Every structure is written in C-alpha cells, then in structure tokens.
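Taken in order, the sequence shown gives residues 120 to 372; the numbers are from this note's numbering.
In case anyone wonders, no lab produced these hints; they're calculated from the structure. Remember, predicted model here, so these are calculated numbers, not experimental data. Beta carbons: idealized from backbone N, C-alpha and C, even for Gly. Some hints could be false.
Unchecked claim - Cβ-Cβ distance ranges computed for the label pairs, FRET-style:
hint, residue 1, residue 2, range
1, I346, P180, 36 to 44 Å
2, P180, T310, 43 to 51 Å
3, A286, N356, 42 to 50 Å
4, K156, M214, 15 to 23 Å
5, D308, P180, 19 to 27 Å
6, D309, K197, 49 to 57 Å
7, A359, E203, 41 to 49 Å
8, S140, G185, 43 to 51 Å
9, R314, G185, 29 to 37 Å
10, C352, D317, 23 to 31 Å
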Amino acid sequence: MEKITSRQNPLCTHLRKLASSASYRRQRGEFLCDSPKLLREALLWGAETRTVVATEGVELPELPLGVRQVEVPADVMKSLSPMETPQGTLFVCAMRPAALPETLTGRRYVVLDTLQDPGNVGTILRTADAFHADGMFLVNGCADLYNPKTLRATMGAVFRCPVWTAAADELSALLKRSGIPLYGAALRDDTLDARTVDYRRCAIAIGSEGRGLTEGMLALCDRTIRIPMSEHCESLNAAAAATVLLWEAARND
C-alpha cells in the first residue's frame with residue numbers, strides 16, 4: 120500500500136481535476152468515484168479500476184492485480200473528495216467506449232433531452248437499470264454522466280447500463296435503422312394516455328426539468344405520451360416522470 124501525505128502530490132492534483140472538470144475527464148478517459156459501495160459495484164461488474172485511495176483503517180475489497188492502492192490521512196481525503204462528508208474510499212475508473220452502435224438489439228431505451236441536473240440524470244439511469252431498460256441516450260447537452268453527483272445518484276447502475284451521447288439526428292437515424300419508435304413525454308395532437316401505449320419495443324424521451332422536450336426532439340417523436348394526473352398539477356419532476364413511464368413499460372412485459 121503506497122502512502123501519500125501531501126495535498127500537492129501529483130496524484131492528488133489529478134484526482135481533484137477529475138472531480139471538477141468534464142473536459143479533463145474526457146481528455147484522460149477516466150473518472151472519479153467516491154464511496155465503498157460504488158467500488159464494490161465497479162469490481163462486481165468488471166469496470167476497469169485503475170487507482171483506489173483510502174484513509175487509514177478502511178477495509179478494501181480484494182482488488183485486481185495492477186490496481187494502484189494509496190493510503191492518505193483523513194485531511195487529505197477531505198481535500199480530494201467531491202462529497203461534503205467523505206466515505207473514506209475514492210477510486211478512478213476508465214471510461215467505457217462511447218461510439219454509437221450500428222443498430223440497437225434491445226427492447227427499451229431512455230432518451231434524455233437537455234437535462235441539466237446531475238442528480239436527475241443519475242437517478243433516471245438507476246431507474247432505467249431497475250426496470251430492465253437496455254440503455255440510455257444523452258442528447259442536447261445533458262449533465263455529464265461522469266460528474267461525481269451523477270455517478271453517486273446512479274448507485275452503481277453506471278457500471279451495468281450502457282449510456283451514449285448523441286446528436287438528435289444521429290439518434291433518430293439509429294432508432295429508425297433499428298425499427299424502434301420514439302415516444303416523447305409531451306402534449307401534442309397525437310398524445311396517448313401512458314397506460315394505453317405498447318411499450319414492447321420503444322425509446323422514451325424525457326425533456327428538461329423546466330422546459331420539457333425541445334422542439335427539435337419533439338419533431339422526431341413518432342408518438343407523444345402523457346401521464347394522467349390531477350388537473351391542478353402541470354408536470355412531474357423529470358426523474359419522477361421517467362420512473363412512472365419505465366414502471367408502466369416494465370409492468371406490461
């Protein structure tokens with residue numbers, strides 16, 4: 120076990136940059152996670168774990184050969200962790216290849232359009248994983264998948280459920296090649312009650328927290344669907360709407 124006591128150590132600088140900068144994460148092809156639970160999930164699902172940093176006395180799971188193991192004092196851990204209350208374990212993983220597939224062979228996918236809140240993006244990925252979705256697409260400048268807040272909200276789903284970033288036209292072409300209709304959570308003349316939709320094979324698009332689906336994304340939707348709710352309620356939070364629709368889709372399997 121390597122020991123580092125200085126906050127100015129090059130590894131410490133690297134970890135802080137991974138926590139704070141999306142461009143640095145992309146440049147280095149890796150990201151930072153905080154929590155022993157996420158580490159267990161990463162190891163369980165075969166993520167390429169490169170470095171593990173822990174405070175003294177923290178018991179680590181068995182790590183693959185070649186993983187760098189570093190012990191730091193509590194004050195250094197606090198300076199490194201993106202969390203207000205560090206949990207004693209940080210680790211670095213390699214990003215997965217991000218190229219879009221030629222076709223989609225799964226049954227259901229989630230599309231997020233301009234969602235800016237990292238917690239919502241992570242929560243929706245966790246929900247998609249729970250309800251057997253085959254992947255998720257981020258379109259039109261969503262929050263970074265590898266933001267520490269997003270990663271924390273996924274509760275490990277980031278290591279199980281594929282996520283791709285795509286332009287709207289790229290996604291539309293991919294869905295058409297794959298024979299998958301796109302259903303948008305929005306109101307339009309062709310809007311259907313969410314309880315009446317055939318979800319056996321589809322992609323479900325969820326818009327941003329404040330504005331809903333963009334006009335461009337809405338124009339690509341084959342159908343729009345609505346969640347029935349009280350007349351005095353305008354809408355649901357994006358993560359809540361995604362949960363209702365994904366549950367409804369899974370319920371009809």
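15 to 23 Å as the expected CB spacing between M214 and K156, which holds or is violated:
Hint holds: Cβ distance 20 Å, inside 15 to 23 Å.
Pairwise beta carbon distance, A286 to N356, judged against the given window 42 to 50 Å:
violated, 26 Å
Between the beta carbons of P180 and T310, is the distance compatible with 43 to 51 Å?
holds, 48 Å
Regarding S140 and G185, is the given constraint of 43 to 51 Å on their beta-carbon distance met?
Roughly 26 Å apart at Cβ, these two residues miss the hinted range, so it is violated.
I346 paired with P180, Cβ distance criterion 36 to 44 Å
Distance hint for I346, P180 holds at roughly 41 Å.
Is the hinted range of 23 to 31 Å satisfied by the C-beta distance from C352 to D317?
holds, 26 Å
How does the Cβ-Cβ distance of R314 and G185 compare with 29 to 37 Å: does it lie in that range?
At roughly 51 Å between Cβ atoms, G185 and R314 fall outside 29 to 37 Å, so the hint is violated.
Confirm or reject the claim that D309 and K197 have a C-beta distance inside 49 to 57 Å.
holds, 53 Å
Is it true that A359 and E203 lie within 41 to 49 Å of each other by Cβ?
violated, 25 Å
Verify the CB-CB distance for D308 and P180 against the hinted window 19 to 27 Å.
About 54 Å separates the Cβ atoms of D308 and P180, which means 19 to 27 Å is violated.
Hint violations for this structure: numbers 3, 5, 7, 8 and 9, all remaining hints satisfied.
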